[in-house]
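Chemist: Going down the list, the protein sequences come from chains F and Y. Using UniProt numbering, you'd call the opening residue of the first sequence number 1 and step up by one each time. Using UniProt numbering, you'd call the opening residue of the second sequence number 1 and step up by one each time.
Just so you know, these hints were derived from the structure itself, not from any lab. Check each hint, because a few of them may be wrong.
[Claimed, not checked] Okay, derived cross-link-like pairs now, DSS-like style, lysine-lysine, Cα gap no bigger than 30 Å in a straight line:
| id | chain 1 | residue 1 | chain 2 | residue 2 |
| --- | --- | --- | --- | --- |
| 1 | F | K100 | Y | K227 |
| 2 | F | K96 | Y | K198 |
| 3 | F | K111 | Y | K227 |
| 4 | Y | K241 | Y | K160 |
| 5 | F | K96 | Y | K227 |
| 6 | Y | K159 | F | K43 |
| 7 | F | K105 | Y | K44 |
| 8 | F | K105 | F | K83 |
| 9 | F | K83 | Y | K227 |
| 10 | Y | K100 | F | K98 |
| 11 | Y | K198 | Y | K241 |
[Said to hold, decoys possible] With beta-carbon atoms standing in for the labels, derived distance ranges:
| id | chain 1 | residue 1 | chain 2 | residue 2 | range |
| --- | --- | --- | --- | --- | --- |
| 12 | F | K96 | Y | T56 | 29 to 39 Å |
| 13 | Y | T196 | F | S37 | 46 to 56 Å |
| 14 | F | E161 | Y | K65 | 58 to 68 Å |
| 15 | F | A116 | Y | M240 | 21 to 31 Å |
| 16 | F | V3 | Y | S57 | 22 to 32 Å |
Heads up, the beta-carbon is just placed ideally off N, CA and C, and yes, glycines get one too.
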Amino acid sequence: MFVPSGESVSDLAGFTLLMPAVSVGNVGQLAIDLIISTLNMSKIGYFYTDCLVPMVGNNPYATSEENSTELSINAEVYSLPSKKLVALQLRSIFIKYKSKPFCEKLLSWVKSSNCAQVVVLSSSHSYHRNDLQLRSTPFRYLLTPSMQKSVQNKIKSLNWEEMEKSPCVPEIRDSEFCIRIPGGGITKTLYDEGYSVMTPQHLPCHGKCQVLGDYSLAVVIPLRFFDLF
Amino acid sequence: MAATFFGEVVKAPCRAGTEDEEEEDEERTETPEDREVRRQLARKREVRLLRRQTKTSLEVSLLEKYPCSKFIIAVGNNAVAFLSSFVMNSGAWEEVGCAKLWNEWCRTTDTAHLSPAEAFCVFYHLKSNPSVFLCQCSCYVAEDQQYQWLEKVFGSCPKKNTQVTVLTSRHVTDYRTSESPGSLRCPFLRALKTQTLKEPPCCPLLEQPNIVHDLPAAVLSHCQVWKLPAVLYLCYTDVMKLDLVTMEAFKPVLSSRSFKGLVKNIPQSTEILKKLVTAEEIQSNIYT
């Protein structure tokens, strides 16, 4: 759940939420760190959850002696009201079997705070690229249907490439094709949740997944990343 | 995936810790029997808070049941032994309850009858001032049990007038610094504190990019989010087992406000500490 760090609760209606998927090479998390520190975003609260491994440390974006002693935890929310941006930073991995519950809680918060759109920064194993991907740029995007209408022209002008579908079961020759993001953490789950364009009343409840209906989601995935260990 | 020296491609652990594909596959192919096994394992790993005398579970969290102005938590053998010698020995403490939990680190398979000699997690309050609580936690609380522990101890209604102090130790190899390792004088203390704690800690704050994990991190996160004044004192040591020098490194914390009025006879406490260490030492010889 979102817990504000100050006394007042920020109004996030119409904001764009930026968040990382904990994915190979921690690319999304590093990018969000850069965004938060470059734009000097202020911390507005915590996303307190039992789904992430606990961790604490001192302020990673410290610029002076005074602000270096602020405590940071594993999931924090930062905002830049002038650009209607809010960023969720995740600093630890999911506890086993808790990634789906986390997605449900996250999407519930996104819906209740009336964010206009969600941008997920993710990454995928480079060794899964096909020949075409090896020869092209290492950057891909994915959009949910409601997002496609609003940003199609902008995407075209940037010459971005949409993430290609790949065989669902690579070992089988005539396997169906689907979106696969190996090493992408919860990216696929978030994308799949956003893809269902139906109102909550019409979706069957399977008990596990909370029905949230449609929301706007863009996923940006750099493909050229090696898992360093 | 990685290529070994011999050219074979093997699956290697991902630095981001994403085992998601395996987890998703497991969930998709889970049979009712698998789900039942998972449920039973979750039940076995449940954290239970038991009352001292009746050994029945507490209906509410510990701090919801008892008013608490001061809460000192020792996590790990060295911190536990330090508190036993310098704090518990100085006053009359009464056991209030204990946390029973089982995970793969426990050396016993009998989860119903964990003996006092096993790793433990016991709660005490000071008889002369029952709002002062102490927790001695020498068992390992696994990551899936840490939030359960927090819920059972702190509950969901945080009380902002409870001051929390956590003592723990870590191996110095976890400490990241640009200084040369040879120049580090072990053991040494570092602190992390929440925003609402106004009193400065009695040692330097933990420098970036160092972080803390496990139960101490869970407690401090809870206190930061719910605005409780809290401080974590972390002793970096190069000795993994119970060690006199490591335990004595905690001594500066005795001068802080958290321990005011709780410590009396320091020379006597040091003697008790030495006896504790001697009792724990086992003659180790590869020939015996």
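Chemist: Determine for every hint whether it applies to the structure shown.
Modeler: Taking the hints in turn, this is what the structure says about them:
With a C-alpha separation of about 28 Å, the suggested pair K100/F and K227/Y falls inside the 30 Å cut-off, and the hint holds. Using a Cα cut-off of 30 Å, the hinted pair K96/F and K198/Y is violated, with the two alpha carbons roughly 37 Å apart. Our distance criterion of 30 Å between C-alpha atoms is met by K111/F and K227/Y, whose separation comes to about 26 Å. The straight-line distance between the Cα atoms of K241/Y and K160/Y is roughly 35 Å, outside the 30 Å bound, and the hint therefore fails.
Of the pairs offered as hints, the one joining K96/F and K227/Y holds, with about 28 Å between alpha carbons and a cut-off of 30 Å not exceeded. For the suggested pair K159/Y and K43/F, the alpha carbons sit about 23 Å apart, so the restraint of at most 30 Å is met. Of the supplied pair hints, the one linking K105/F and K44/Y holds, its CA atoms being roughly 26 Å apart against a limit of 30 Å. Under the criterion of a C-alpha separation no larger than 30 Å, the hint pairing K105/F with K83/F is consistent with the structure, at around 25 Å.
Taking the CA atoms of K83/F and K227/Y, the gap is about 29 Å. The hint holds against a cut of 30 Å. Under the criterion of a C-alpha separation no larger than 30 Å, the hint pairing K100/Y with K98/F is consistent with the structure, at around 23 Å. Between K198/Y and K241/Y the CA atoms are separated by roughly 34 Å; this puts the pair beyond 30 Å, and the hint is violated. Checked against the hint of 29 to 39 Å, the pair K96/F and T56/Y passes, with Cβ atoms roughly 30 Å apart.
At roughly 25 Å, the beta-carbon separation of T196/Y and S37/F lies outside the given 46 to 56 Å, and the hint is violated. Roughly 59 Å separates the CB atoms of E161/F and K65/Y, a value that falls within the hinted 58 to 68 Å. A hinted range of 21 to 31 Å for the beta carbons of A116/F and M240/Y is inconsistent with their spacing of about 52 Å. Checking the proposed 22 to 32 Å range against V3/F and S57/Y shows it holds: the Cβ atoms sit about 28 Å from each other.
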